[in-house]
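J.: As a plain string of letters, each chain reads:
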Amino acid sequence: MTGLASYLCFFATVALTYGVAVLGLNLQWGAAGLFNVGVAGFAAVGAYVAAWITAAPAPAHWGGFALPIALGWAGAMLAAAFAAAIVGAATLRLRADYLAITTFGAAVTLQLVALNATALTGGPFGIAFIPKPFESLADRPLAFGAANLALVAAVTAIIFVALERLTQSPWGRVLRALREDEAAAASLGKAPDRFRLQAFVIGAALMGLAGAMQAQFFGFIAPDNYLPVLTFQVWVMLVLGGSGNNRGALLGAVVVWGLWTLSGTLLAAMLPGAWQARGAALRLVAIGAVLAGVLLARPRGLIGERATVSRHVVHTGEQA
Amino acid sequence: MTRLELRGLVAGYEPGLPIVRGVDLSLAGGEILVLLGPNGAGKSTLAKALAGLVPVAAGTITLDGASLLDVPAHARIRHGLGFVPQTHNIFAALSVAENLAVAAAILPRAARTSRIGAMLAMFPDLAAARRRAAGLLSGGQRQMLAIARALIASPAVLALDEPSAGLSPKLVAMVLAKLREIAVGGVAVLLVEQNARAALAVADRAVILVEGRVAHEGAGAALLDDPHVAALYLGGRAA
Amino acid sequence: MIGQILIDGITSGAMIGLGAIGLTLTYGLLRFANFAHGEFATWGAYLAMLGAGAFGGAAPIGALTFGWPLVVALMVAMALTALLALALDAALFRRLRRHGNAIVLVIASFGASLALRSAIEFAFGPEPYYYTTDIAMTLRLAPGLRATADQLVVLAAALVLMLAMHVLLTRTPLGRAMRAVSENPDLARLAGIDPARIVRATWAIGGALAAAAGVFLGVTVQLRPSMGFELLLPLFAAAILGGVGSVPGAMLGGLVIGIAEAAAVPLAGAQYRAAVAFVVLLAMLLVRPRGLFGGRE
Ligand SMILES: Nc1ncnc2c1ncn2[C@@H]1O[C@H](COP(=O)(O)OP(=O)(O)O)[C@@H](O)[C@H]1O
Ligand SMILES: [Mg+2]
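Residue numbers (our numbering), protein chains in the order written: chain A, 1 to 320; chain B, 321 to 559; chain C, 560 to 856.
Just so you know, these hints were derived from the structure itself, not from any lab. On a predicted model such as this, the values are computed, not experimentally measured, just so you know. Virtual Cβ for every residue (Gly too), placed ideally from N, Cα, C. Treat the hints with care, since some could be wrong.
To be verified - Simulated coverage check for chain C against chain A, where a stretch passes if three residues somewhere in it have a Cβ under 8 Å from a Cβ of chain A:
# : stretch
1 : 580-594
2 : 664-678
3 : 687-694
4 : 743-753
Stated by the list, open to error - Pair ranges (Cβ atoms, derived):
#  : chain 1 : residue 1 : chain 2 : residue 2 : range
5  : A       : Asp224    : C       : Arg705    : 44 to 50 Å
6  : C       : Ala650    : B       : Gly506    : 44 to 50 Å
7  : C       : Pro848    : B       : Pro444    : 39 to 45 Å
8  : C       : Ala682    : A       : Ala56     : 40 to 46 Å
9  : C       : Tyr688    : A       : Ala154    : 35 to 41 Å
10 : C       : Pro848    : A       : Ala143    : 35 to 41 Å
To be verified - Negatives, chain B to chain C, calculated, CB over 10 Å:
#  : residue
11 : Gly342
12 : Leu373
13 : Pro392
14 : Glu418
15 : Pro444
16 : Gly486
17 : Ala518
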């Protein structure tokens, strides 16, 4: 019973870290219409920076400053924000799909660096022994799990409230106006690129934070964690939950992470050892198909953007 | 003989927002009908609905007795309807000869070369520039190419949206003279124009569209002489 | 040294160019960046492997490592991949196009890419395959200049396909219609062209050419489920470098990327090869977003 409860705590903790990344993506895509295919890259930056800051010194990789976790998370957000500022400054003024291609390329390149810059990152073996929050509770699994869940839930709640305020603020309204009609918003004298860059940077900082939190809860990171599959998972979460809606973003994160974990467990139980790797592939085929299905059947997600519910109704009516 | 007939035509870009609101028109072979009206009256929308580029909400369009409503835009040229849009009416990246070849592709293989030759004979300026990219042509040459492209499949009806826009008075006169020549060949010409005075000079009949409805109709010269109409709709440009 | 870089760069650049043709065509025509395009190369390569196996083990041709079965299998794989591209459009992209948001199409293509790649991994497993176990013979073209016979034949075949593509686009009614629809779909309809037909032709051609690139990659390197996905960044770089929608641009862009990659390997190491395309692309976007050869934006 305690085993199940502490497992559920862990599950919810990880789901919420994804939720933070989805909230970041929702700010970029849902509010500002910025198409980021490099979520994994920003998460990787956050994870490695947090690991360098908080882990103990080790010969296998750079860093190891053994500083407090809070500093690690702050550093992760700053580093991811910095990376986003560079990518965004270069490409936000271009067409939307160029941003997609560039962020994709940035993530691929960052993953290559993680894999090959062994002296910095530990190479393919990654970085282990990243300290977990509340390590003093580690011998009482339920308390440990609950404390971690409470921590990440508090962080998520703060971010959620901040984002809700931000998107309802004049700043958020300008973003939405830009997304709907750039010419009209620009004619109001708003510098579109600056607003977009701000949204892009804040969103990436949240992805960096998500990466850092995951690094801390798992205690271990490796380049394989930051393949485009991660980007894809976060996108599926957002699309399923309904872009433009923070509640939907969190719901999507929990639902998709739940399905992902469940299908992984089932496949592991059902498939013989030699087929395990292929089972993982099958799971990706399925999630790809789910995304396509959701886009086709419910383009606005399970919940949808509040302000446009009526439009949604008209839209589906037309399709039928 | 009536070739093109519109009855109660209602058309617009979004459902429930008609721009053309019940228009009746008929057009005979060899005739030039000029469609006038203030900016935003719905002239271009009507022409595009005719061409199949804007959805029709109600009414009928018949060409030689057959309904065009269920004919997709790309098949209307085969049914005898040629259309020259107001802007972007040539393929800028293709050469003059390729622009004509693209449009000639719906003809039987044997007829293609001779029809392209006929168009180049009709518009000698184009013949000289046949290898040039169409995007490099002058404004007058572009209109000629756009008209030649629409004519190449010998349509029964030729509709044109402001072919004189942006041209010098001399070129306007030349384009309109060409249209008269085309009409004399038996084609029914529907000419949307802002340039009322010049257009009415070649028009057999004219229709004035206001807010999506026909406000006045009459012989070209008669409309020009009607002081009421001139003051209201032919206004500034009339001088 | 320089000569060797050129040989290696041009060979892989020709394959990149071949793959980028389809990408730039669908990009120009449907105005969306198809992240699934690289998977057509993967599918083509694996389908050709199945085909070559089915057609039996004939002896290799001359100094090459493969025989006629692979040549036949290449044709079959190109045809089947064309069908795959058509099926993907019919099942997914065409329906989403009706909703009108190009970026939703990009998201969908990202999902399709993952599903297609994982399907290959599911069927064949993650380990690499080779069309043959023969060792490719190296020819000395000049002092310090080596290439395998496979490399040269693949290069020649890629150039022939590019030339054929150029002739198709400039000399045939279908090619002219494709260029017309790409520039102005409405005007093309007025000229009697059914854009849906042209869209289908474009998917089929793009899929077939990507399949050929995949087979050539399989001949000169190896087959892996991620081979096409790893090609994606070079493909995008080539298409954007050449100007979106421009076929000659994509071919030249492919060569530029291929040579840049080959030149960077001695400097940065082979493990960073994939990043080269990204760096070139980024530089390009900063300096000349319309592409080197001035396609439309
Ligand atoms: N593509 C479009 N989508 C929605 N509304 C349009 C579009 N084009 C024109 N309109 C609207 O239709 C009306 C009539 O336009 P138009 O037919 O171009 O007039 P005209 O050619 O007589 O100047 C205008 O109010 C215009 O705003
Ligand atoms: Mg108009």
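J.: Each hint: holds or not?
T.: Hints and how they fare:
{"no.": "1", "hint": "580-594", "in the structure": "holds (count 3)"}
{"no.": "2", "hint": "664-678", "in the structure": "holds (count 13)"}
{"no.": "3", "hint": "687-694", "in the structure": "violated (count 0)"}
{"no.": "4", "hint": "743-753", "in the structure": "violated (count 0)"}
{"no.": "5", "hint": "Asp224/A to Arg705/C: 44 to 50 Å", "in the structure": "violated, 35 Å"}
{"no.": "6", "hint": "Ala650/C to Gly506/B: 44 to 50 Å", "in the structure": "holds, 48 Å"}
{"no.": "7", "hint": "Pro848/C to Pro444/B: 39 to 45 Å", "in the structure": "holds, 41 Å"}
{"no.": "8", "hint": "Ala682/C to Ala56/A: 40 to 46 Å", "in the structure": "holds, 44 Å"}
{"no.": "9", "hint": "Tyr688/C to Ala154/A: 35 to 41 Å", "in the structure": "violated, 50 Å"}
{"no.": "10", "hint": "Pro848/C to Ala143/A: 35 to 41 Å", "in the structure": "violated, 55 Å"}
{"no.": "11", "hint": "Gly342", "in the structure": "holds, 25 Å"}
{"no.": "12", "hint": "Leu373", "in the structure": "violated, 6 Å"}
{"no.": "13", "hint": "Pro392", "in the structure": "violated, 7 Å"}
{"no.": "14", "hint": "Glu418", "in the structure": "violated, 5 Å"}
{"no.": "15", "hint": "Pro444", "in the structure": "holds, 22 Å"}
{"no.": "16", "hint": "Gly486", "in the structure": "holds, 18 Å"}
{"no.": "17", "hint": "Ala518", "in the structure": "holds, 25 Å"}
Comparing the model with each numbered hint stated earlier shows that hints 3, 4, 5, 9, 10, 12, 13, 14 do not hold.
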